[in-house]
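Asks: Join these two chains into a complex; the hints should help.
Listed in order, the protein sequences are those of chains H and B. Per my numbering, the first sequence starts with residue 1, numbered consecutively. Per my numbering, the second sequence starts with residue 1, numbered consecutively.
Simulated from the structure, these hints should not be mistaken for lab results. Hints are all accurate, no fakes.
Cut-off 20 Å, straight-line C-alpha distance, at most; resulting in silico cross-link-like pairs (EDC-like, lysine to aspartate or glutamate):
#, chain 1, residue 1, chain 2, residue 2
1, B, Lys-336, H, Asp-143
2, B, Lys-336, H, Asp-141
3, H, Lys-168, H, Asp-107
4, H, Lys-3, H, Asp-216
5, H, Lys-186, H, Glu-174
6, H, Lys-186, H, Glu-32
Here the structure is a predicted model, which is why all the values come from computation and not from measurement.
Here is how the chains run, residue by residue.
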Amino acid sequence: MTKAILELSNVSKSFGRVHSLRGVNLTVRPGEVLGLLGDNGAGKSTLIKVLAGVHQPTSGDILWDGVKTNLDSPRVAMMRGISVVYQDLGIIPLLSIWRNFFLGREDEVSRKLPFHYQLRHSHMREVARGALQNLGIHIDDVDLTVAKLSGGERQSIAIARAVHFQSKVLILDEPTAALSLKETAKVLAYVREARNQGVAVVLITHNIAHAYEVCDRFTVLFHGSVAETADRESVTEQQLANLINTGTREQRRIAV
Amino acid sequence: MTTQNQAAGQAPVAGAAIARKRPPKTRMDKLLGRPESGVIIAAIMVWVFFATFAPHFFSARVTANVLLAGASLGIIAVGVATLMIAGQFDLSVGSVYGLSAALVVLMVNHGVPGWAALPIIMVFGVVLGTINGLLVTRLEIHSLIITLGALMFYRGVLLAITEGFPIRLKIPDPFMSMLDFEAFGIPGPFFWFIGFAAIFAYVLTRTRFGNWLFATGGSPEAARSMGVPANRVQITAFAVASMLACVAGYVSVARFSSVDALRGTGMELEVVLAVVVGGASLNGGYGSIIGAALGVLIIGMIQQGLILMGISVYWYQAGIGLLLIVAAIVNQYVRKRSIS
Ligand SMILES: Nc1ncnc2c1ncn2[C@@H]1O[C@H](COP(=O)(O)OP(=O)(O)O)[C@@H](O)[C@H]1O
Ligand SMILES: [Mg+2]
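Chain B extracted, bound-state conformation (with noise of 0.2 Å):
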């Protein structure tokens, strides 16, 4: 049989790789093997760049806005990055933060107290998200075109329902007044940044669902035959990623007491940036909160910094585009070495 002969014959080679001595890992090795490993350098970068250059770059007003800016942006972005983990994407998360916010607005108008309003506004993200997943995952189509669906749509019935006006809390809610507080100079809406960072942070590196949700993004159909149910994962990403953005609307409420028509447009790219500086990979499979959450902050910090620096807004765009070039090669790097 030449079958046998073939076996046989390629069978040293294939030992030789088992036998295979691996070098010691290096420290650097170590430092370097963690899909966060560029944005915390990027991070430090960053900011020693404007502490030189920026004047009261370190003044307690100029924190509180960075981390301010940050706040409704990173809690979207803990969402967006679980999903694009687990191998999907969410456009809509945009549009569904200022729609979160203008239905918060209305229910509390209408008499439904602050505290109620948090749970079912979760609620609503989570239908929504839902939504997003069952079509994608049952119907096969490609999670760009049903979020970039999803975000025209919310967007229009938002538009709809506030005419194009902003509109305002008539009479401030008692529990949202409280959590629109300030710690060491902390804003609130942070501490739920920082909060919703950490739990899933936890989930995705220390449970089961967080393995399943790795696995899923790195191979649905592998993660499958080992018995991981990656439909039902990648779902309840959508949901998560829905719902965060809804918790955002939630917080923005509480600190701004007011929605226009148009918050939260253009949200769903930038959040992808930061994700996407953070070390994730957009084949899924890979990437990190505490990276997202720090490409969060770099965000902020650019946008600060530019303006204490006295140069002009447009810069901006230039700078933020520019971070992500960077980011993207430093991570193509980083993410070779730690996989070959």
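So that you can see chain H by itself, here it is in the shape it has in the complex (with noise of 0.2 Å):
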């Protein structure tokens, strides 16, 4: 089994009195999709965001290669391969598609010139079009705001800049919540594809057909507790969505 890239360590995190994450282990491995699974206010959103260096840990260890580390601003994140494309942000409204497709990331289409860093416009368009064409995304004009774009388009346009920057890990939130079968259909191919070019891919979601089509492990959250870990060879669909709602693999209500 290939080394985890990226590992928590019963990892709690509190938000004052709301515990949103309780003692969680989390194994993200090079060449591998973990689907993260869990029903609205699992915290879902919360462990990938102490994974992008949005939160940090009330308590518990975040290992890098093995090695401790703590990831402290989105940036660190960033720079160590960790791209994230989240369901709530990641995308500026008022700015031009190509400026948000280059957000954070500039330096690397820009001229290094005394004193700053000079951006390529005409570059950084083109750049930015081959990559939404890449997803199958046609949008000829770079230059509309965001703001012009439907939900659908802006969470295509954040997938397409997490694809072109190849990260060491790659996160996404809820991807396909907003697109289409056509569209899902080939988000799903890209993540294969990731997959397959050896980057850490983690897939949040609560489809769990998305989820079973490409993820090879799986972690369940259950009101913010690990329910479970298991490879898809050893857990049916039907498993999966009994976990999700009662924490186990058996179908009982959670009330009695």
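Replies: In structure tokens, the structure reads:
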């Protein structure tokens, strides 16, 4: 089995008296798609914000390549090679598509001049347009402000961006929630492609069918704790649904 | 699972949106798609109006007056526009402008050569702005509150050290006299204004830092999640605003050799007015330096034009107020057009 690139060990996160994560263990390996499942409010978004350096764990450790580390800020996480496509943020409505595309990554497409990085406008437009086309998104005018795009289009741009800046770890928060069947198929194909290139992918979703299609392993969150981590071969779709709903493989109501 | 069905049910709608064909942009769309579109039209209209109705509007002296009146305001407006685009305000620029002018006079009178006073006062500005920025970003107190306090504080300091009397350079400083030139009938301070406007127009549109400014003003949280050091960006913008206010103070001393304790009073609002007329959004993330510069020139034209027409100066305020409201309406229209 390949060595883990990113690990969470006994991580908890509280917001005041709201305990969003309790003692979570998680392993992310290169060349593998990890499905992070859980019902709304289970703590999936909080968990990936910890991985992305947005939140600091209240307790517990983050291991990068086996070494204990801190992800103090999104920039630190990004420099490590962690790319996140967020459900709720990650795109600036008033900026044009191409400016959004390179936001935070400008140095790679800029001229390094004394005191500043000069943006290469036409080069950036071209690269952004190409990267979008690769994902099957046909928006010729990358000067449009993102505010003019549909939710699905915005999500696609964020994904194209993460795919373009081939990261070591690619985290996708509900990437298919707003996409058509055709676009969903494309995105899932991209997820597979990224994995085949050795990227460690974390796919957050509550759509079990999508998850079962591409994920090699699942970690199911239930009320902020890990209900179970299982390989695809060792779990059925129905058992995953039960894990999401009840925290166990059995189908029973939580209330009793 | 209900969630699965939901996702499948939503899909075709979203799919249609992705495949949605957009009508090609017309030339009108392109023209009106920029923050400064409104102010360009307004500048032309104001200019044509006074060119028609104000006698001698074209004379060299009047042009020089318009440009001179605009210079200090313009240098400060460049900084305030930068800061507003980054999502913050600075009400203290008028006080800092007055205080820095007084400090420059005092420094030179105490034997500091004029060429050395310039970098010193610029560093002073950077320090004041950084303090504003740290207080606003670290303590998460609204910038209107912090800089309102700063406005009162620095004005108070200025009144205290001058005891309310005007102060002036005892002997002319050779470096400062050299800056007070006039070329092609254009007064020296105006070149400073144009210089800074050009530098910052470049920084905002062509550099990484400019990208970060717009992103931070547009949505600090999202910008931060994309790796933009949003706090540092805003602190830098505060530093730029105060630094340029100090440069304006220096330039005004070079020009007039004196300061009175009320220099720059009320300027903070005039600057906001110019910047907003120039198309910037009070919510941050949207605006332009060129627009702000034109806003400043419009104010100068109205000032001089009304004088030339023999209209009481009392009407000046009314005219400026009207301008702001009309400009805000036009800019709202332009902005809506570019984002929906
Ligand atoms: N910034 C925050 N402050 C307070 N509570 C939060 C915050 N973020 C998330 N939570 C809470 O943590 C819990 C888990 O939320 P979240 O991670 O968004 O779940 P999911 O993404 O699985 O739907 C919820 O109860 C939510 O209200
Ligand atoms: Mg979520």
